[in-house]
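Participant: One letter stands for each residue in the lines below.
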Amino acid sequence: MATRTGSARPGRRTRRPGAWLGWLFAAPAAIMYAVFVLRPLLLTVQYSFYDWNGIGASTWVGLQNYTRLFTEPEQLATILHAFELILFFSLIPVTLGLFVAATIRGIATSRLALVARTVLFLPQVIPLVAAGIMWTWLLSTTGLANELLSAVGLQGVTRAWLGDFSTALPAVGVIGAWVLVGLCTLLLLAGMSKIDPALYESARLDGAGPIREFFAITLPSLRQEIGVCVTVTVIAALASFDIVYIATQGGPGNSTMVPGLEIFYLAFSEREVGQASALAVVLVLLVLVCVLPIQRFTRDGNR
Amino acid sequence: MIVNRRETLIGRTLLVLLMVITVVPFISLFVTALHPSGTYPDGLSWPDSPQWGNFADAFRSARMGELLLSSALIVAGVVPVSLLLGTMAGFAFGHLRMPGHRIGFLIFVLGLTLPFEGIITPLYYQIRDMGLLNTRWAIILPLIGLFMPFSVLWMRAHFVTMPEDLSEAARLDGAGTWQLFRHVHVPLARPALSSLAILLFLWTWNQFLLAIVLVDDPAKRTMAGALGAFQGQWGTDIPLLCAGSLLILAPTLAVFLIFQRRFVAALLQGSLKG
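Just so you know, the protein sequences line up as chains A and B, in that order.
Going letter by letter, the first sequence gives residues 525 to 827 in my numbering.
Going letter by letter, the second sequence gives residues 292 to 565 in my numbering.
Bear in mind the hints are in silico, worked out from the structure with no lab data behind them.
Any given hint could be a false lead.
[Claimed, not checked] The calculated lysine to any residue pairs, modelled on SDA-like cross-linking and capped at a C-alpha distance of 25 Å, are:
| id | chain 1 | residue 1 | chain 2 | residue 2 |
| --- | --- | --- | --- | --- |
| 1 | A | K718 | B | L335 |
| 2 | A | K718 | B | T452 |
| 3 | A | K718 | A | T665 |
| 4 | A | K718 | A | T642 |
| 5 | A | K718 | B | Q560 |
| 6 | A | K718 | A | F738 |
| 7 | A | K718 | A | L638 |
| 8 | A | K718 | B | L305 |
| 9 | A | K718 | B | S336 |
| 10 | A | K718 | A | F689 |
| 11 | A | K718 | B | W337 |
| 12 | A | K718 | A | I631 |
| 13 | A | K718 | B | L397 |
| 14 | A | K718 | A | R820 |
| 15 | A | K718 | B | L300 |
| 16 | A | K718 | A | R728 |
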């Protein structure tokens, strides 16, 4: 833990010669960050108030790009899709991860669990693009998903999952859930391994069943890990790009269009730089609005 | 620990099930890649005569050699520089704590949640004006900047745990700040540095958005960026697409399996810090 200086070390506060030297060390990092992140970020905000095709002159349009964003159903749908993806990218991996981790807690040191640590990380290691390609094939008309459904007598529901208006977005969500569920499970398991086993023993001796145990001990002790899982997965959902680009390109129609992809199309195909920038600003704010409260809730001042 | 046997059994079954779900897409990709090119194989069926040549074909037409080299060059540009700059800044914010270090660090941390899509448009024009479009620098330089918040956060977390006495002793021996950093603190930071290096390698290798926006030539992109181009090229030839995808994800998979302990530890810690 970082010990705050204060009274314990009085020499720290009185200006030591060369106290500013630290800035020399921080300067190269700060310059790269300023040039390739902060400057573009400010420019995004600036562009968002203009109508610009990227080549000719730009015209100031005030908040018009933003009003379009919230009044045109097509644009608004993009943002709503991102929220629907949160259910798949975040809610499913976190609840499933909690459930699985709680059930396998007892065998956390077994050989099986050791193998699982490697296997469940596989989706985290490969490019998201590769996950997209794999699943595009699995979910295609002749893919494994339909094959399995036919095998159990459900030919009626088989379809091109990513090409159907009603199933495309959930299908994209399933890919995201597949990528993230292993990470969540393992993070939560790691958190559980830090819980004092004596707590469980006394709970069992008091006659608590697995369900009581989960809500009384496991869940409260995992506050921080759950916060991490939710943060990581919510950002992955809101900022999703790779999987959607590969699996559906936003289609069929606009049914899987998400903000990240829409920014890409608006800026680089439709040449509506202002509109793309307004959406980018909204996306950045959305991430902050969703993530900051989670951080507040989980870091109870100990980090 | 008191856990009854039925629960253990359910636990094991669940874990195995989760592992199967994780692995099946990989297996499906693999067996599909062995079918004759141009066919639409059924689910998980093993081909009558496995076409191992598909991998060679995919290797050739994907120009895999060039791709590997390109990705390696990009990684070689991003990772060492990010490590160096991140460590220096982490040292400053975590150990030297110069006046105003709090606000400086806060500004860095703000970049932690930034989606890359949020800045991609102006970044394109900036890189164009710098004359770097279509070069590997177009990926390398922005990535160094974009990884800075995480690198600084990671290294600062290491340096705040370093005892002050260590530096005081070195200073008494006449070490300047740079020597203190170079000869005392960097060697001690090795474990933190190697975990960070692993994460940065992975994120660089798998970077997609910057690669497709800023570089047109697939042979100058990252592996993930190149994969995007092949989907267009082979979109209709499923076995070849699968073989190509496998080749492209094989390097990360290999590195992961070799260094799995470090990787798992780094990935777990990485998400905890992020």
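Participant: Are the hints correct? Go through all of them and say.
Facilitator: Comparing the hints with the structure gives:
1. A:K718 <-> B:L335: Given pair A:K718, B:L335 is violated - Cα atoms ~40 Å apart, limit 25 Å.
2. A:K718 <-> B:T452: holds (21 Å)
3. A:K718 <-> A:T665: violated (46 Å)
4. A:K718 <-> A:T642: holds (20 Å)
5. A:K718 <-> B:Q560: At roughly 14 Å apart (the allowed maximum being 25 Å), B:Q560 and A:K718 satisfy the hint.
6. A:K718 <-> A:F738: holds (15 Å)
7. A:K718 <-> A:L638: holds (17 Å)
8. A:K718 <-> B:L305: Holds, at roughly 22 Å.
9. A:K718 <-> B:S336: violated (44 Å)
10. A:K718 <-> A:F689: violated (45 Å)
11. A:K718 <-> B:W337: violated (44 Å)
12. A:K718 <-> A:I631: holds (14 Å)
13. A:K718 <-> B:L397: The hint is violated at about 29 Å.
14. A:K718 <-> A:R820: holds (22 Å)
15. A:K718 <-> B:L300: Status holds; Cα separation ~23 Å.
16. A:K718 <-> A:R728: holds (18 Å)
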